[in-house]
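Number of protein chains: 2
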Amino acid sequence: MANWKNLDELKSFDALKAVAPVDVRSVMSGESGAKRVRDYQIPIACGLTYNYGAKAVDAHVLDALAKIAEEADLHVKYQELLNGEMMNTGEKRLVLHHLCRGQLGNDVMADGVNKREFYVEQQKRAADFAERVHAGELTNENGERFTEVVQIGIGGSDLGPRAVYIALENWARKNGRLKMTARFISNVDPDDASRVLQDTDVAHALFILVSKSGTTLETLTNFQFVQDALKRDGLDPKKHMIAVTSAASPLAKSDDFLTAFYMDDHIGGRYSTSSAVGCAVLSLAFGPDVFAEFLEGASAADRASLETDPKKNAAMMDALIGMYERDVLGFDATAVLPYSQALSRFPAHLQQLDMESNGKSVNRFGGPVTYPTGPILFGEPGTNGQHSFYQLLHQGKTIVPLQFIGFRKSQLCSDVEIEGTSSQQKLCANVAAQIVAFACGKDDPDPNKTFDGGRPSSIIAGDQLTPASLGALLSHFENKVMFQGFLWNINSFDQEGVQLGKVLAKRVLAHDTDGALTEYSRLLGI
Amino acid sequence: MANWKNLDELKSFDALKAVAPVDVRSVMSGESGAKRVRDYQIPIACGLTYNYGAKAVDAHVLDALAKIAEEADLHVKYQELLNGEMMNTGEKRLVLHHLCRGQLGNDVMADGVNKREFYVEQQKRAADFAERVHAGELTNENGERFTEVVQIGIGGSDLGPRAVYIALENWARKNGRLKMTARFISNVDPDDASRVLQDTDVAHALFILVSKSGTTLETLTNFQFVQDALKRDGLDPKKHMIAVTSAASPLAKSDDFLTAFYMDDHIGGRYSTSSAVGCAVLSLAFGPDVFAEFLEGASAADRASLETDPKKNAAMMDALIGMYERDVLGFDATAVLPYSQALSRFPAHLQQLDMESNGKSVNRFGGPVTYPTGPILFGEPGTNGQHSFYQLLHQGKTIVPLQFIGFRKSQLCSDVEIEGTSSQQKLCANVAAQIVAFACGKDDPDPNKTFDGGRPSSIIAGDQLTPASLGALLSHFENKVMFQGFLWNINSFDQEGVQLGKVLAKRVLAHDTDGALTEYSRLLGI
Chain S
-19 MANWKNLDEL KSFDALKAVA PVDVRSVMSG ESGAKRVRDY QIPIACGLTY
31 NYGAKAVDAH VLDALAKIAE EADLHVKYQE LLNGEMMNTG EKRLVLHHLC
81 RGQLGNDVMA DGVNKREFYV EQQKRAADFA ERVHAGELTN ENGERFTEVV
131 QIGIGGSDLG PRAVYIALEN WARKNGRLKM TARFISNVDP DDASRVLQDT
181 DVAHALFILV SKSGTTLETL TNFQFVQDAL KRDGLDPKKH MIAVTSAASP
231 LAKSDDFLTA FYMDDHIGGR YSTSSAVGCA VLSLAFGPDV FAEFLEGASA
281 ADRASLETDP KKNAAMMDAL IGMYERDVLG FDATAVLPYS QALSRFPAHL
331 QQLDMESNGK SVNRFGGPVT YPTGPILFGE PGTNGQHSFY QLLHQGKTIV
381 PLQFIGFRKS QLCSDVEIEG TSSQQKLCAN VAAQIVAFAC GKDDPDPNKT
431 FDGGRPSSII AGDQLTPASL GALLSHFENK VMFQGFLWNI NSFDQEGVQL
481 GKVLAKRVLA HDTDGALTEY SRLLGI
Chain Z
-19 MANWKNLDEL KSFDALKAVA PVDVRSVMSG ESGAKRVRDY QIPIACGLTY
31 NYGAKAVDAH VLDALAKIAE EADLHVKYQE LLNGEMMNTG EKRLVLHHLC
81 RGQLGNDVMA DGVNKREFYV EQQKRAADFA ERVHAGELTN ENGERFTEVV
131 QIGIGGSDLG PRAVYIALEN WARKNGRLKM TARFISNVDP DDASRVLQDT
181 DVAHALFILV SKSGTTLETL TNFQFVQDAL KRDGLDPKKH MIAVTSAASP
231 LAKSDDFLTA FYMDDHIGGR YSTSSAVGCA VLSLAFGPDV FAEFLEGASA
281 ADRASLETDP KKNAAMMDAL IGMYERDVLG FDATAVLPYS QALSRFPAHL
331 QQLDMESNGK SVNRFGGPVT YPTGPILFGE PGTNGQHSFY QLLHQGKTIV
381 PLQFIGFRKS QLCSDVEIEG TSSQQKLCAN VAAQIVAFAC GKDDPDPNKT
431 FDGGRPSSII AGDQLTPASL GALLSHFENK VMFQGFLWNI NSFDQEGVQL
481 GKVLAKRVLA HDTDGALTEY SRLLGI
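Protein sequences appear in the order of chains S and Z. Take -19 as the starting number for the first sequence in my numbering and just add one per residue. Take -19 as the starting number for the second sequence in my numbering and just add one per residue.
Quick caveat, the hints were computed from the structure, so don't treat them as lab data. Some hints here could point you the wrong way.
Intra- or inter-copy, both count: the list cannot distinguish identical chains.
Once the Cα atoms are required to be at most 27 Å apart in a straight line, the calculated DSSO-like pairs of lysine-lysine come out as [claimed, not checked]: (1) Lys482 x Lys377; (2) Lys389 x Lys482; (3) Lys429 x Lys377; (4) Lys377 x Lys(-15); (5) Lys47 x Lys291; (6) Lys377 x Lys(-3).
So here's chain S without its partners, still in its complex pose (with noise of 0.2 Å):
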């Protein structure tokens, strides 16, 4: 049984606090800088590799940093997890999106099923309808094919999904795998929705709705919205709709799907890319073996994350350097900067990944922490951000700490020389130069041209953006995020902090309200 302590209950917190803080600037500057960067790194999976070596550690905090692992028992808990723990503490729910893309413990069976075939099942029913509307076997009313995929969610059910498609929609096309173009509708903002209808080619799109409870607002509202468009049009909606929900849901056996494939309560919002919440749409966008190439890079990070010694185990190290930045160096904020393009809507889902599981008060058994939890995340892609808010990052008043990530190749291959070097070479020599630059600074007689540096960053180094590496860098980041839920103590998979909003949203449009909500309901006229 692991050990469920407060982070400033652990022994080896008081002493990790004890330890004297690294001066970024000063390790990092020549050979022990080069020394750093070869030594303090980490193979993730899929040819990528975690890099610290310009994060504000040294063997003194890597040590002590390690024995919290061990105190706070991090991969007992991660086993505990993987063998269907209820680590959901607050839902009382088990945490099983690792079982989407392999089995690392036991059979774990819930709702009288074996969760991993379950989980398999979907993804194969997913699969086998991809390929029959890619065949040409199910095809809109006209016997003609469809051509396009509208995703509708809010939340996990958008964020995830989509980050991935974005990030492999160029791949897919020169790759020649980009089987049907995709769109999303999430905000119930109506000109969303009315948006992406205008540019949508609704006789030959294939709609799915995604909701787990069946219930929320937003999604039930914007598939009105489309069923409506379709009529109106002359189509008949059932037969451009699918769904993705609990098989407990309203939704589930309704007529109004031509099919439905189903996620369960052990899979939360966040975490459900590699459910059928993404298999369904990612299926359809790039076919099934392209969901599968994405999930097995999951799959060969959630192995890496077994390692016990976090000097092997990069989302273990990753996640204790964020606690060390959050509770002891006392940072609020991280930034991930991706050099990449294809990623650039990665950070917006990471931001709903770690705010939203790690954004806590209470420990998981509900009572109180008292030290700093999940930081402010928030990024855009470089080059992109060096003409932006790097500024602040290089001379604010605050320190962020950086997590960059870059590739070798560019994703189309298609390039162009100028003095001597290609575009990606210039992207690459950016991060290489930006790391360099925020952790060793630079004197200047004019100060306001002096970099004080010890700005810390990591970067997650690959060859190129594919499905397997994306499957690879998404798993770490949950993992990374998992294991800080453990040191923190807290419930990592539940959210409750997104219920009083939708509780009084119901009243304004009640009309049930007192005090400042009237008034800001008149404001906005309501």
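Keeping the supplied structure of chain S fixed, place chain Z upon it in accordance with the hints.
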């Protein structure tokens, strides 16, 4: 002459720190909250209102803030800026973006010309050019109309114009004002340009190269990329290209372009949406009339920012409250939350505007500042964010002040009724609900379902997002950032923090590296 002192040298700042903090939860409850929402609002322009009812202020705090505004000469400094004082002390330049949309001070002479006349002349030239294109007088080599426009630029040459284009595209479609679709190429990642070019009908596309200096690495690389693509299609690049640059740049007189529109050194990139940088692409996309409406909205908000009393000056009040949150209450970040899908990239623009302007550690004379300056800024549209990072905002350990934006009407006015309310009403109900949920929280016997409240927020509410209200919104934030720079006694108009990375990237490409830089270059395959 204005009084330039560091914030902590102001007597009124000491007085502010001595004022008792406000318990947001308490004052926002019941009739007190309703009264605050009614009282604490300031008109901006074009139907926009800034409401700060849910901020952590009361009569005592507001009086103290008003005294700071006075002692810091905020009003005088704004007038000096408008009158052409050298406000960009680091680069020894004027700060003239306001002059693009009106003249609120004296004539400003620089570079041997009247700058207002110069900017208006460039607007007229761009308008004439756009009208010739729209009328089919200026065509491609086959005499066919140009139907698309592609902006090539990065940072301020990208984020602002792109955010404005996205914000108005639906409005323009709905109102018959969409003349040409626009796309944007920014990143040096070759997959960015490759992908945009795949989606573009290049034979009928005009490309706008935007670089003030004419030396921006990313932009020149993408220029070459586009030229190559045009040539591959048998097209003459110079019949498809215009430039926006400074009159002194190598691009200004180049034969590579149909024509060039000019900007100058007195308008920084992040403030250049009102200048030729935004004018060319937006006039082509929507027509010069729409761009003129946008400028009129911005000008109206510029005039509103002239009020000396912060209780009547929304931008000044917003700036003062932001400084109070940063320097007295100790919050590191702020989130911008537009409940409008059209504003999906507006936070990314504000991220540059705010973090690049005020992420500084030296004052305008090069002396140190010992207090926090510009905050971390991030955001995504609501209601999407509610299903993502709002968990941390509601229940996390770090309080993040919030800036909501909402409109009573949608842009496309296509909607659906479910359970008696439209999507737009649901969207607006959620804004009202969130503000109150953040402020007032909720007690619950289950600590996991408890909301502490006390999360401060403001809202800018308007009738509809139109060219004029968008101009006012942009100007509000520009002037807020300006007033905050005055408060912090920093130069909000340079960006020395972006230089070091550029220098090191060149060294990597020249293989002139040592230490850690060599190792990171190797890791990234250079």
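Hints not upheld, ascending by number: none
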